[in-house]
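All chains should be built: construct the whole structure from the sequences, respecting the hints.
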Amino acid sequence: MRDLDDLLADPGFAGDVSDGLGAPDFQPVRAAGVRRARRRRALAAGATALAVGAVVGGVWLGTSSGDDPAAPAGTPGETPSELAPTPDRTEQPDQGRGELLSPMAPEPAWLEGDRAYLYGFALDPAGNSTASLWVCQRECDGQRTVLVVATGARRSVFPVKRGRVVATEEGRFVVEPFGVARWPRLFDVDGEVAIAVEDGESPLRAGEALVSTAGSGLRYLGLFGVDGSEATMHAASVPATIGLRSYQADGLDLTLESERGFWISDDGGASGTLVEVDRDELHAWLVPSAEPGTRVVLLGSDGASLFPVQRVVRLLPDGTSLDREVQLDSPYVLAPMVRADGKLVLVTTGPDVGDGLRVVVGEPGGVDLREIAPIGFEDAVDMRGTISTPDGPMLVADTADRDRVLVSADGEVWKSVRTR
Amino acid sequence: MGMERVQECFEASYRRLVGQLYAVCGDLAEAEEVVAEAFVRAAARPAVFDRVDNPEAWLRTVAVNVARTRHRRRTVGARLGVTEAPPARHPDLSTERLALVAALRELPTAQREALALHYLADLPVQEVARTVGVPIGTVKARLSRGRTALAALLAREEETHA
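For the record, the sequence lines run as chains A and B.
Per the numbering used here, the very first residue in the first sequence carries number 1; after that it's consecutive.
Per the numbering used here, the very first residue in the second sequence carries number 421; after that it's consecutive.
No wet-lab data here; the hints were simulated from the structure.
Model, not experiment: these values are computed from the prediction.
Beta carbons: idealized from backbone N, C-alpha and C, even for Gly.
A hint or two may mislead.
As the list claims (entries may be wrong) - Estimated spans, in silico, between C-beta atoms of each pair:
hint, chain 1, residue 1, chain 2, residue 2, range
1, A, D355, B, L518, 27 to 35 angstroms
2, A, R260, B, R576, 40 to 48 angstroms
3, B, R576, A, A340, 47 to 55 angstroms
4, A, A270, B, L518, 52 to 60 angstroms
5, B, R576, A, C140, 37 to 45 angstroms
6, B, R525, A, A206, 51 to 59 angstroms
7, B, T489, A, G200, 44 to 52 angstroms
8, B, G553, A, G356, 23 to 31 angstroms
9, A, D352, B, R525, 19 to 27 angstroms
10, B, L518, A, D341, 45 to 53 angstroms
11, B, R576, A, A270, 55 to 63 angstroms
12, B, R576, A, G376, 41 to 49 angstroms
13, A, D278, B, L518, 28 to 36 angstroms
So, in C-alpha cells, the structure goes:
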C-alpha cells in the first residue's frame with residue numbers, strides 16, 4: 001500500500017470517475033422537477049388555507065430557502081423579501097463619489113455574543129482602524145452577516161454579504177463580495193462610501209487596493225483598483241489572455257498566477273514579464289511581500305489551507321526564478337509573508353491533532369529556514385492568515401477570545417487588536 | 421431563463437459532481453442518485469436556482485445534504501432491520517483507489533465528507549467549509565482527525581491481507 005499522502009494527493013480522482021460516466025439525460029430530471037413543483041403548489045394551496053385562519057393579524061415572514069432542508073444556507077427564497085431589500089449590485093454602480101450612506105441601526109443582538117463567528121478581518125495600522133466581517137451561526141434575527149468598522153472608540157455596523165475585506169488608506173475598507181458579478185463596496189466608520197467608477201482600463205496606482213469580482217463559473221471576472229481615500233474604482237490592466245488563477249498586489253508590485261507561469265509587474269500592470277516555472281502540478285501560494293521587488297511563491301501538494309510546502313520559488317525581475325526544495329518538521333503552512341527586511345516568514349503546523357503553531361524565518365529563497373520564539377504569540381490558537389494593509393502585509397492569528405486577534409508585521413512580535 | 425440555466429448547469433456540472441460525490445458516498449449508484457436529486461430540486465424551483473450565486477457549489481451542497489440524509493436513514497433502517505443496503509457499485513479504478521474509498525466508508529460521516537471533498541474532489545478547505553456548512557477551523561480539525569483514522573484503517577487492512 002502506498003503512503004497515505006500519496007493516496008490522498010489525488011486531484012485526478014473525481015475526474016477519472018466522471019470520465020467513465022455515460023452522457024447524462026436532462027429530460028427525466030426536468031420532468032421530475034416539474035412534477036414536484038406542481039405537487040408542492042397543490043400542497044401549498046391547502047396549507048395556505050389552513051394558515052390564514054391561524055395567523056390572521058400576524059406577519060408572515062416566510063423562510064429563505066422554501067421547504068427544502070437540503071438547500072444551502074443563503075439560498076434565495078421564492079419571493080424576495082420586501083422588508084430588507086438588497087441593493088442590486090449586478091450592474092456597475094454609478095454613484096456620486098464620496099457620498100455617505102447610513103450605517104445599520106439597530107445592530108443585531110447576536111453580534112455581541114458567541115453566536116457571532118469572525119469571518120474576515122482587515123486592519124489599517126496607521127489609521128488605527130479595523131474592519132471585521134461577522135456571520136451569525138445560530139438563533140439569528142434578521143441580518144446574518146455584518147461588517148463592523150471601528151476607529152478608536154467609535155464603531156459602525158453595516159449589513160453586507162460575505163466577502164473578503166481589504167484595508168485601503170484613511171481608515172476605509174473594501175468588501176469584495178464572493179457573489180457572482182457583485183461589485184466592491186467601500187466603508188468607513190461614518191458610513192458606506194459611494195464609489196465613482198472610471199471608464200476604461202488603467203494600471204494600478206499608488207495607494208490603491210486590488211480587488212476582484214467573480215463570474216458564473218469563473219473565479220475571476222475582472223480585477224479592479226480601488227482608491228479608498230478618493231472613493232474611485234477602475235478596471236485594472238492585466239494581460240487579456242493570462243488565464244488568471246490567483247493574484248497578489250503589494251503596492252505597485254503585481255504577481256498574477258496564470259496557467260503558464262507567473263506574470264510579474266512593478267508598475268501596477270503597465271508592463272510585465274512572464275516567469276515560467278515548472279510546477280510539477282503542485283498548487284501555488286503567492287506570498288504577500290513588504291519588500292518591494294521580492295516575490296516568493298510557495299509550491300505545495302494538497303490544497304489552499306492545509307498546505308504542506310515542498311518548494312520555495314523566488315521570482316526574479318529578469319523573468320528567471322530560483323527554486324529550492326524545503327522540508328520542514330512542521331510542514332503545513334497556514335500563513336506566509338515576506339517582511340520589510342526581505343526575510344521569509346512562515347507560520348506552520350504539523351499533521352497531528354494538537355500540533356501547535358510554529359513560526360519559521362529564513363531567506364526569501366527558502367534557505368536557512370529556522371524556528372523562532374515569537375513574543376506575544378502565546379494566546380494564538382489558529383492562524384487567520386495574511387492580510388494586506390496600506391503599510392504592507394500582516395500576519396493575523398485567532399485567539400480563544402473572539403473579541404481580539406493577534407497581528408504581527410514580522411512574525412517575531414505580536415500584539416493584540418480588538419475585533420469588534 | 422430558469423430551466424435553461426438548470427439544463428446548462430446539468431450539462432456542464434453533472435459528471436463532475438458525480439465524480440466528487442462518489443468520493444463522499446463510496447458508491448457510484450448512490451452518487452448518481454444524490455446528484456440527480458439535487459438537479460431535480462433545482463428544476464422544481466428554477467426561479468430560485470436562477471438567483472443562486474454559484475450554481476455548482478449550491479448543487480454540491482444539496483447533494484451532500486441529500487447523501488447525508490439518505491445515509492442516516494439507511495443506518496437507522498439497518499439497525500431496525502427494515503432495510504438492507506444494496507451492494508455498492510464502483511467505477512473502473514485502481515485497486516488502491518478502491519481500497520481508499522472502502523476505508524473512507526468506515527469513517528464517521530463528517531470526517532469522510534471533509535477528506536473526500538478536500539483531497540479527492542480537490543476542493544480548497546474554504547470551499548469544503550461552505551459545502552458542509554461548518555467553519556474552516558472545524559474542517560481542518562476533521563481533516564486532521566480523519567487522516568489519523570484513515571491511516572489506522574489502511575494499516576489494519578494491510579495487516580489483514582499480509
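How the hints compare with the structure:
1. The hint said 27 to 35 angstroms for the Cβ distance between D355(A) and L518(B), and at roughly 31 angstroms that hint holds.
2. Judged by the Cβ atoms, the range 40 to 48 angstroms given for R260(A) and R576(B) holds: they are separated by roughly 45 angstroms.
3. A beta carbon spacing of about 51 angstroms between R576(B) and A340(A) agrees with the range 47 to 55 angstroms that was offered as a hint.
4. The hinted range of 52 to 60 angstroms is satisfied by A270(A) and L518(B), whose Cβ atoms lie roughly 53 angstroms apart.
5. Remark: the range hint 37 to 45 angstroms for R576(B) to C140(A) is upheld by a beta-carbon distance near 44 angstroms.
6. At about 56 angstroms, the CB distance of R525(B) to A206(A) agrees with the hint of 51 to 59 angstroms.
7. Hint check: T489(B) to G200(A), Cβ distance near 51 angstroms, so the stated range 44 to 52 angstroms holds.
8. Look at G553(B) against G356(A): about 28 angstroms separates their beta carbons, and that is inside 23 to 31 angstroms.
9. A hinted range of 19 to 27 angstroms holds for the C-beta pair D352(A) and R525(B), which are about 24 angstroms apart.
10. For L518(B) paired with D341(A), a C-beta distance near 51 angstroms keeps the hint of 45 to 53 angstroms intact.
11. Separation of R576(B) from A270(A) is about 60 angstroms and conforms to the stated range, judged on CB atoms against 55 to 63 angstroms.
12. As the Cβ distance of R576(B) to G376(A) is approximately 44 angstroms, the hint placing it in 41 to 49 angstroms holds.
13. For the pair D278(A) and L518(B), the beta carbons lie near 32 angstroms from each other, so the given range of 28 to 36 angstroms is met.
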